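Counted the way the numbering used here counts, the sequence shown spans residues 1 to 245.
Derived by calculation from the structure, the hints in this document are not laboratory data.
Any given hint could be a false lead.
What the hints assert, rightly or not - Derived DEER-like restraints, expressed as beta-carbon distance ranges:
#: 1; residue 1: I13; residue 2: S198; range: 37 to 45 Å
#: 2; residue 1: K213; residue 2: E41; range: 19 to 27 Å
#: 3; residue 1: G53; residue 2: E174; range: 23 to 31 Å
#: 4; residue 1: Q206; residue 2: E41; range: 18 to 26 Å
Remember, predicted model here, so these are calculated numbers, not experimental data.
The C-beta atom is built at its ideal place from N, Cα and C for all residues, glycine as well.
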Amino acid sequence: SVFEIVDKGGRYIIKPQHETYPQLPENEDLTMRLAETVGIEVPLHGLIYCRDGSFSYIIRRFDRRGKSGKLAVEDFAQLSGMDRETKYNFSMEKLIPILDFCTFPAIERAGLFRRCIFNYLVGNEDMHLKNFALITRDSKIMLAPAYDFLSTTVAYISVGKKVDDIEEIALPLEGKKRNLSRKLWVDYFGRKRLGLNSSLITEELQNFSDAFKRWLTIIQSSFISDEMKEIYISLIEKRRKILDI
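Please model the complete structure; the sequences and the hints are all you need to start from.
And the structure:
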């Protein structure tokens, strides 16, 4: 198949190889596949083989309906009066009131918890305000499908960056971006800030526990290098132990 580059109205986004960080397309495709296994909605996506022999990542735009229809989507930067320059000047706690715009805030709070735990486990430490969004579907406002999910930690380590120099999250949680704990994620963020009850939190964490064996299979069959596979699996195992799941 051949994709035509258009100025507007396109239904897909294509991301080629990055000059600095190798295999980002393969990384993002893998990470989005992992997200889907734990019930996080993701758009149609995949890898396409390019003429130069490399892979590019392709994802269908979720803000389009049909050939000309467009769905209302606003990212959290827009909703909080921030922009690209200030997208990191926020906190995890401040994300929560934005969910009050949703039709069913309680459902979306559980969804936010799931996404945050997922991104912590896979080492996506670049979840800034522009990477969260709300979408309106059939007159209902909800969290938009996931996008820009990739293991930035794996990408950094693969080019020689030390683990100790890599933050664990983009937006601070109780003022911290490193050395996050189960107590901080579960007791503070899940129970105290999001207001989730213990049974729901247990269910969410069990959801991840049940998925880990499948994750290993997906990672091993992915297109990232063997070295990256080892880094990715090691990272997940380390974070899993921290969260005790």
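Hints and how they fare:
no.	hint	verdict
1	I13 / S198: 37 to 45 Å	holds (39 Å)
2	K213 / E41: 19 to 27 Å	holds (22 Å)
3	G53 / E174: 23 to 31 Å	violated (46 Å)
4	Q206 / E41: 18 to 26 Å	holds (20 Å)
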